[in-house]
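Chemist: Model the placement of chain A on the given structure of chain B, informed by the hints.
Number of protein chains: 2
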Amino acid sequence: MYKINLQLQSDSPKTLTEQLYQYLKEELIKGTFTRHEKLPSKRRLAENLQCSINTVQAAYNQLVDEGYLQTREKSGYYVADLSGILVLEPEEYKKKVEAEKSPPYRYTFSHQGVDHEQFPFSLWRSLSNQIISTQDAELLSVSDPKGLLALRSSITHYLQSSRGVRCNANQIIISSGTEFLMQLLIQLLDAKAVYAIENPGYEKLNQLFKSNRVQYVSLPLDDQGVEIKALYASGADVLSITPSHQFPTGRIMPVTRRLQLLQWASEKFGRYILEDDYDSEFRYAGKPIPSLQGLDGQGKVIYLGAFSKSLSPALRISYMVLPDVLMERYETYLSFYYCPVPLIEQKVLHAFLEKGHFERHLNRMRHLYRQKRELLVSCINSLLPYVEITGDSAGLHLLLNVHNGMDEKELEQRAADYQVKIYGITRYYSQPPEEPREATLLLGFATLNLEEIPKAVTLLKEAWT
Amino acid sequence: MYKINLQLQSDSPKTLTEQLYQYLKEELIKGTFTRHEKLPSKRRLAENLQCSINTVQAAYNQLVDEGYLQTREKSGYYVADLSGILVLEPEEYKKKVEAEKSPPYRYTFSHQGVDHEQFPFSLWRSLSNQIISTQDAELLSVSDPKGLLALRSSITHYLQSSRGVRCNANQIIISSGTEFLMQLLIQLLDAKAVYAIENPGYEKLNQLFKSNRVQYVSLPLDDQGVEIKALYASGADVLSITPSHQFPTGRIMPVTRRLQLLQWASEKFGRYILEDDYDSEFRYAGKPIPSLQGLDGQGKVIYLGAFSKSLSPALRISYMVLPDVLMERYETYLSFYYCPVPLIEQKVLHAFLEKGHFERHLNRMRHLYRQKRELLVSCINSLLPYVEITGDSAGLHLLLNVHNGMDEKELEQRAADYQVKIYGITRYYSQPPEEPREATLLLGFATLNLEEIPKAVTLLKEAWT
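Protein chains in written order, with the numbering used here: chain B, 37 to 501; chain A, 37 to 501.
The shape of chain B in the complex, shown without the other chains (with noise of 0.2 angstroms):
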């Protein structure tokens, strides 16, 4: 049997109790115990570590109810079986469990959240109350495999009206997630495409043709957009780009290199353009651009959309417009995928859209980033005068270029040690860049709230300096 070592302190902030039962569960976590072992009786124990019963029973009840251990009638306490529990390696488990608790950072410049504070979700609940109660016998079975075609229908509307694209419902692919559509594309497209990404890019588009064993290149950027001789020259056949606000560097994509990308697609048959809109939602400066997609009479541009950006990462529903000529042969090919996304969750979105509730919400969101991102302009031009901002008329993150000597490593890991995480530029190149760069970094401004962002800000000028 294992012996208890512990000697609990009576002038710690913590109880007997706190003491005794977070000594029990970092054993039991560690694996010290085996397994149905059997532990000292109550009395046993409070003698041995000189202190009441009722603090041993308290401490042992508190792990029986997290399932740590279980009682047997007259018997007495045994460990639980802790499989489930135990679901990592402990010294991992430990870690992931500290991780959790204190986050090194206080402030994070994420690019990937959305504000935490003005989702609707009284809305939410009201229309999954609602669409739930229906007790509809379409819940219980698979749909079409495209998505709802209501919700199809719902996003066409949207996608004609703010994003200038051109399509019905019936080229629409609902999905979960950028990657998950890309999976479908590349089954769908020739299986010896080429890919050409941007460097800098969205850093999982190497990742996934790397794992889906396909062919890709890598095009550098010039002010606007993939070099088009590099693009000629690179053999590419599939060309993805996020034209409405470059990921990362920001950039929009003028008319004319537009039209150059469009003409490229067209001079060759099995050509095609990945349109990435993934947060055009947000534009804060100059007319809006609609989107490529709009500007192709030719079927040459496969347009992608979510509503990570607009609603919530979490949410997990993307979508594609297909050309006509490859819908058809999805339908012929690929329409043995189900939609992956729940039908009740297609339903509430279908209803959020179709009572105008989104586009209220998409106006209330842009006024919002919108004064983050002039306070985050302000803050950063008033503390850090070294620094030039670019990338920052549409979307929600910009981009620093930081003259102070320091280079973005240096930048970085002083944010860190002031406990602010911000993104250096590196991590978004497949390819390391020809000529070396000033020091870029990118900072996501909507997850801080309008009280946090001149407290990160002050914190970045005291890492700088």
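These are calculated hints, taken from the structure and not from any lab test.
Incorrect hints may have been included.
Since the list gives no way to pick one copy over another, a pair counts as held whenever it fits inside one copy or between any two copies.
Quick list of in silico lysine-lysine cross-link-like pairs, DSS-like style, CA-CA up to 27 angstroms [as the list claims (entries may be wrong)]: (1) 228 to 240; (2) 228 to 265; (3) 391 to 61; (4) 61 to 50; (5) 445 to 240; (6) 491 to 457; (7) 240 to 336; (8) 50 to 265; (9) 265 to 457; (10) 246 to 336; (11) 304 to 336; (12) 457 to 240.
If you're wondering where the values come from, they're calculated on a predicted model, not measured in any experiment.
Modeler: Structure of chain A alone, referenced to chain B:
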């Protein structure tokens, strides 16, 4: 301008308004009107049709409400922009609408759905309510790419206690549907791996392997499952099977064959068995056989499960248990894929499992499906004496071998003539079988209720006499 060519029938069961509305809607869907075309004024149309202005106005208003027409002030009614409504070619759309309106079958012996009457809608709603009302910032963030840890932990407990699967939560990946899990596995396993599937088997697997451009072979079955000789001869590396209730034959693989397969897997590096345990929750006769994964001591089995049969296919929640070595590889190369299941749904399902609702639901459904199965078996035995039932000791479907001189196609067609949908086994063969088979049909019994089953079998009797 389009001439309205309609004769209103005063002796029709439909009102004049309904007749006019229906007629105009069909013409609009057919695309007879040009975009933005102006419709005749109410007065003129009323004169032409010899009806009251009110009749025309009511029909027009209905079409405005449904988005087919638009009004312009002081000008009249115009054809709306129908690109979002006209989701298909007019003819196709009409077919689709009609197919949805009046399904050609009165009774469908589907093997895909679940019972429609016993789903715990109100419980699901109240759990959703609780989850969404927490205003949980986590609901707005991207979470663990493998799925919510708490849910993986609950699934672990279930698999350990009910299916004898040996695993911890760290080995589990949550996704949406077997096809998505298979796509991940294809990327995880060797690019040159040859996959083997059961013949007959789940009809999507060969489509999936084809579209993912990997090599696969079809293996014949004997009474125990895939033929061992054929397996060795095939050169396969990865074998996909349904040992608990072979799909579609319904056979349960005995332990001897299981051990032979594990032996095969152990003989070569890179060999794996994919155990698809798609409907093992429901077993009606004999002792439960634990999962193949539970027999495996060498990390050769990848276990796949889902909530499609036990809860609903529309939830789109499935999972797999990876051996440690593969999980390490997964975390290194594939953890950039986010879990496609929305976080709200993961949390609702977690609460459903943790609070014991799932166990209770399963018990209720086991009882109900047992009743349905017994009723179906007894109806068949009394009404169809020339039929032999197989594959009925587990799962949600059984097979009929029909000895009345008709072949499979004829049996299917005659049933269809009586508006009963059954599934000939031929469609599940990826390779046509070498020997001629007796006529075999698959009947799923989950979606029909206890009143419908005798009626459906009576129709089969009439159809086949």
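Chemist: Now look at each hint and say whether the structure bears it out.
Modeler: We went through each hint and held it up to the structure:
1. 228 to 240: both (21 angstroms within a copy, 24 angstroms between copies)
2. 228 to 265: within (22 angstroms within a copy, 36 angstroms between copies)
3. 391 to 61: Classified as between: cross-chain Cα gap 23 angstroms, same-chain 50 angstroms, threshold 27 angstroms.
4. 61 to 50: within (15 angstroms within a copy, 73 angstroms between copies)
5. 445 to 240: So residue 445 and residue 240 pass the 27 angstroms test inside one copy only (21 angstroms; across, 49 angstroms).
6. 491 to 457: within (13 angstroms within a copy, 66 angstroms between copies)
7. 240 to 336: within (23 angstroms within a copy, 30 angstroms between copies)
8. 50 to 265: neither (67 angstroms within a copy, 66 angstroms between copies)
9. 265 to 457: neither (36 angstroms within a copy, 59 angstroms between copies)
10. 246 to 336: both (24 angstroms within a copy, 25 angstroms between copies)
11. 304 to 336: within (10 angstroms within a copy, 46 angstroms between copies)
12. 457 to 240: within (20 angstroms within a copy, 45 angstroms between copies)
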